[in-house]
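Undergrad: These protein sequence lines map, in sequence, to chains A and B. Under the numbering used here, the residues of the first sequence are numbered -5 to 231, in order. Under the numbering used here, the residues of the second sequence are numbered -5 to 231, in order.
It should be emphasised that the hints constitute simulated quantities derived from the structure, not laboratory data. Don't take each hint at face value.
No copy is singled out in the list; a pair is fine if it fits within one copy or between any two copies.
Pairs of lysine to any residue residues, derived as SDA-like cross-links and limited to a Cα-Cα distance of at most 20 Å, are as follows [as the list claims (entries may be wrong)]: (1) Lys177 - Pro159; (2) Lys138 - Ala224; (3) Lys202 - Lys213; (4) Lys177 - Ala224; (5) Lys147 - Arg81.
Each chain, written out:
There are 2 protein chains.
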Amino acid sequence: MSNKTSPWSKDWYKEHDPIYIATDCIIFGFDEGILKLLVFKRRVEPQKGAYSLIGSFVKLNESVTDAAKRVLEEITGLKNVFMEELRTYNEVMRDPGYRCISIGQYALIRISDYDNELVEKHGAIWYPFNELPELVLDHDIMVKDALTRLRRKARYQPIGFELLPEKFTIPQLQNLYEAIYQKQMDSRNFRKKVLSFGVLIKLNEKDKLSSKKGAFLYKFDYDKYQQLVASGINFEV
Amino acid sequence: MSNKTSPWSKDWYKEHDPIYIATDCIIFGFDEGILKLLVFKRRVEPQKGAYSLIGSFVKLNESVTDAAKRVLEEITGLKNVFMEELRTYNEVMRDPGYRCISIGQYALIRISDYDNELVEKHGAIWYPFNELPELVLDHDIMVKDALTRLRRKARYQPIGFELLPEKFTIPQLQNLYEAIYQKQMDSRNFRKKVLSFGVLIKLNEKDKLSSKKGAFLYKFDYDKYQQLVASGINFEV
DNA sequence: ATTAATTAACGTAAAAAATACATTTATTAT
DNA sequence: ATAATAAATGTATTTTTTACGTTAATTAAT
Chain A
-5 MSNKTSPWSK
5 DWYKEHDPIY
15 IATDCIIFGF
25 DEGILKLLVF
35 KRRVEPQKGA
45 YSLIGSFVKL
55 NESVTDAAKR
65 VLEEITGLKN
75 VFMEELRTYN
85 EVMRDPGYRC
95 ISIGQYALIR
105 ISDYDNELVE
115 KHGAIWYPFN
125 ELPELVLDHD
135 IMVKDALTRL
145 RRKARYQPIG
155 FELLPEKFTI
165 PQLQNLYEAI
175 YQKQMDSRNF
185 RKKVLSFGVL
195 IKLNEKDKLS
205 SKKGAFLYKF
215 DYDKYQQLVA
225 SGINFEV
Chain B
-5 MSNKTSPWSK
5 DWYKEHDPIY
15 IATDCIIFGF
25 DEGILKLLVF
35 KRRVEPQKGA
45 YSLIGSFVKL
55 NESVTDAAKR
65 VLEEITGLKN
75 VFMEELRTYN
85 EVMRDPGYRC
95 ISIGQYALIR
105 ISDYDNELVE
115 KHGAIWYPFN
125 ELPELVLDHD
135 IMVKDALTRL
145 RRKARYQPIG
155 FELLPEKFTI
165 PQLQNLYEAI
175 YQKQMDSRNF
185 RKKVLSFGVL
195 IKLNEKDKLS
205 SKKGAFLYKF
215 DYDKYQQLVA
225 SGINFEV
């Protein structure tokens, strides 16, 4: 640190340049068997009609997470989304208006929990991940980075927790993993593997929406999951 | 994003609060078989004598990485250190002076490449990782986070590249991994595993410093390493 | 010149994990 | 009663990981 002036004095700060800080949200959802992303369609100029991520400036008296939660609640009506920091986007010229650093944050959510009318009323759209339009600024890069992170995260955390409804079937869970990794998996091996973690509780109910036989519903054993994460388990499938 | 004013116009920015942005560097080194961290001992009040990480404010016309490189070169004389972003530390009250977000960045370096006199002249010290003093602000947390990240990183990248001298022996590489993971490994299995990656080139020279028999020196095959990283290999040992 | 000391180098067998692969089962609609 | 549909299940093979003891090369001391 510079030591021309005493750190932690007002004067010391005045020697430096404050910068605008924004946060952009990369929100993954899973619905109807496909991975989706929450995007925002601009309704005013400039760039009217262009798509972007949902974002906001960070205020002096709020943390970055709080800023993201604020804008997300505004647009989707959902509170308590667990946001995780991705990385900063801090290139000097990334924003044509003014020097602005954006902190990317991502989350996985259950689309079914949302108030979809509210989402659409605010101009936000759940877009199938495979058909995403081009996004403004460096938002495409943010999305690419988030997918990479999501794949890595899935290796040490059972992400189904966050993306699936409370009760889900094993074929649904497999769909999710296939969507994230973009590849087919063997259903026998998949089932064997996920059950071996011992964090799934089989319920006495079936979901009959996708087959005549119906598939048993499961839920996560949250306590057991916490123990396993603490022990450093690898949840890779 | 707020749409009271057109984004990317000067006025739009003026509605928001700029914030001070700093970067703090968590620099790991490996020397004499032990993992070390570069820390800075404050020579002026307040907190004279306290230890901190090396850091700097980010200027309007420099990227966060450039800011870190600038301060690192100043203190250690080393240019071109490859810094990687850890995460942001953005709690509203983390800094008692003023709202300031710090972006933690970490690097692994070869201590032998450094100008140690320069390091000490600037009041920096290579501290054995296991004997670290308490650090100011939230720097202790940054260090803890960086070690976690380093361990994770080691799973998909051969970090020896960055921490060891150009020529190194397999026992030295094992020491490094034992230091990072804080556990003993079996030398036969370790050797087998690291050689199986196919990124080590055996040289016709021995290092006789640590044994009478001497150990063969190796170097990394950088091209092959790049290929393997691209293919998503797991370098876990 | 011989011996003692020191760390490097090496291979194999057993256990565990990952993979490949096909049939039967429960249910609904006709 | 039958056809249609997706769910559920097991086993053999291959690959990976783990556990473990002996010999080899060199230097320093005698």
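Undergrad: Determine for every hint whether it applies to the structure shown.
TA: Okay, the hints, checked on the actual structure:
no.	hint	in the structure
1	Lys177 - Pro159	neither (22 Å within a copy, 40 Å between copies)
2	Lys138 - Ala224	between (28 Å within a copy, 15 Å between copies)
3	Lys202 - Lys213	within (16 Å within a copy, 59 Å between copies)
4	Lys177 - Ala224	between (29 Å within a copy, 18 Å between copies)
5	Lys147 - Arg81	both (14 Å within a copy, 16 Å between copies)
The structure fails to meet hint 1 from the earlier list, while all remaining hints are met.
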